[in-house]
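Participant: Put the two chains together into one complex; each comes in its own frame, and the hints tell you how they fit.
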Amino acid sequence: QVQLQESGPGLVKPSETLSLTCAVSGYSISSGYYWGWIRQPPGKGLEWIGSIYHSGSTYYNPSLKSRVTISVDTSKNQFSLKLSSVTAADTAVYYCARQPETYYYDSSGYLRSPDYFDYWGQGTLVTVSS
Amino acid sequence: QSVLTQPPSVSAAPGQKVTISCSGSSSNIGNNYVSWYQQLPGTAPKLLIYENNKRPSGIPDRFSGSKSGTSATLGITGLQTGDEADYYCGTWDSSLSAKVFGTGTKVTVL
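Chains V and E, in that order, are what the protein sequence lines are.
Add 124 to the 1-based position in the first sequence for this note's numbering, that's all there is to it.
Add 74 to the 1-based position in the second sequence for this note's numbering, that's all there is to it.
Isolated chain E, as found in the complex (with noise of 0.2 Å):
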């Protein structure tokens, strides 16, 4: 049972701009960096934003992360059907002394 609760699907058509959220609590998102990973269909997870909103080399600016409170927010704009994947998002719970992750999010390009 995750401790990040995050929405099970959104979608929207080619070109739009979709966000996902991912919400805890004072433990882990209130007080830890928020990281966030694209799985593609049959592969490894892959590192899209760390440090709430710093993008690893290679990751285009359409992917964006932003932290308030104890929420984390993703941004995708420009969806490209390329896109369609499921992300998640990954925190430091300082309660459980435990990396957790959030329940994960399926996006659609309709």
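Just chain V, same shape as in the assembly (with noise of 0.2 Å):
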């Protein structure tokens, strides 16, 4: 069975960076799928954070890219976030889950992408405040 875990301070300081590791277990990063971050606002919707891929390629929010970094750890079995510049827009429970690959079609033909998240994390909850 596939299980993901989410770990890192649940406090961060406004201006600070946000740090958080996804360990998986019962499957090896290094086999396949895309791996992704969501996070939710406390009482909103979801946000897709962004998604790397077992060899490392990565799509991220457009709204975040300038302060989001995803990296793999296929020796750990993990994979980590990095959100700078945080303020206390950035508090939500953040969740880490598994997503199968896909293919979608742009002018530059087929590209693969990361698809529906199938496994999921309990999810993290972090608070920016100083």
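Derived from the structure by calculation, the hints contain no laboratory data.
Please read these numbers as outputs of a predicted model, since none were measured by experiment.
Glycine included, every Cβ here is placed at the ideal spot set by N, Cα and C.
It cannot be assumed that every hint is accurate.
As the list claims (entries may be wrong) - Anything over 10 Å on all C-beta distances counts as not near chain V; from chain E, calculated: (1) N106; (2) K120; (3) G156.
Stated by the list, open to error - Each computed BS3-like pair below joins lysine-lysine, with the alpha-carbon atoms no more than 25 Å apart: (4) V/K168 with V/K137; (5) V/K189 with V/K168; (6) V/K168 with V/K206; (7) E/K128 with E/K180; (8) E/K180 with V/K168; (9) V/K168 with E/K120.
Facilitator: Below you can see the structure in the form of structure tokens.
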């Protein structure tokens, strides 16, 4: 059974960098799939942050792209999120999840992309406050 | 601001049916697969439907998905109190090169 577990500080100061790790068990990241991060501010909806392919290629939410870095460590079977220059608006429950790959068509032809989220972590609340 | 629009809430009595719509555009729903997620209070979202109308193992056939043009629909029949949750649609937006979620719909069992 695939399991994902988020970990990291629950409190981050404004202007600092939020760092989270997602440990994966029951499946080897190097075998395939995309691995994604999603967040949910208190009382609000889901927002996709970004996804990384097992080989390291990434997609990021355009609205967060300038502040986000997602990386993968296949030796530890985990992937990580860094979000810089945080503000109170970044306070949210952060989830990690696994995503099968799919393909979409644009003017360049067919491009590989992350599909639905089939396994999710339980989520971790990160509060941005001084 | 989400590019996929859902009704804020729907409700029905136990045993009845509800449908939840998800409206998008040609750059997202119109040309990509749609998935649906159930989020029970205080828990992580759970995959209900993928590739428009497929159910993962363990999801009862009371839940169904469909897509037509730039809209998708989640149906829940034989409504149960345990179905009270928030439901989200999701898809890929080819113009944004990004995953997008719907605004979310709260299902209430009367």
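Participant: A separate judgement is required for each hint: does it hold in the structure or not?
Facilitator: Now the hints, each set against the structure:
no.	hint	verdict
1	N106	6 Å, violated
2	K120	7 Å, violated
3	G156	19 Å, holds
4	V/K168 with V/K137	22 Å, holds
5	V/K189 with V/K168	21 Å, holds
6	V/K168 with V/K206	22 Å, holds
7	E/K128 with E/K180	22 Å, holds
8	E/K180 with V/K168	12 Å, holds
9	V/K168 with E/K120	17 Å, holds
Hint compliance for this structure: hints 1, 2 are broken, all remaining hints hold.
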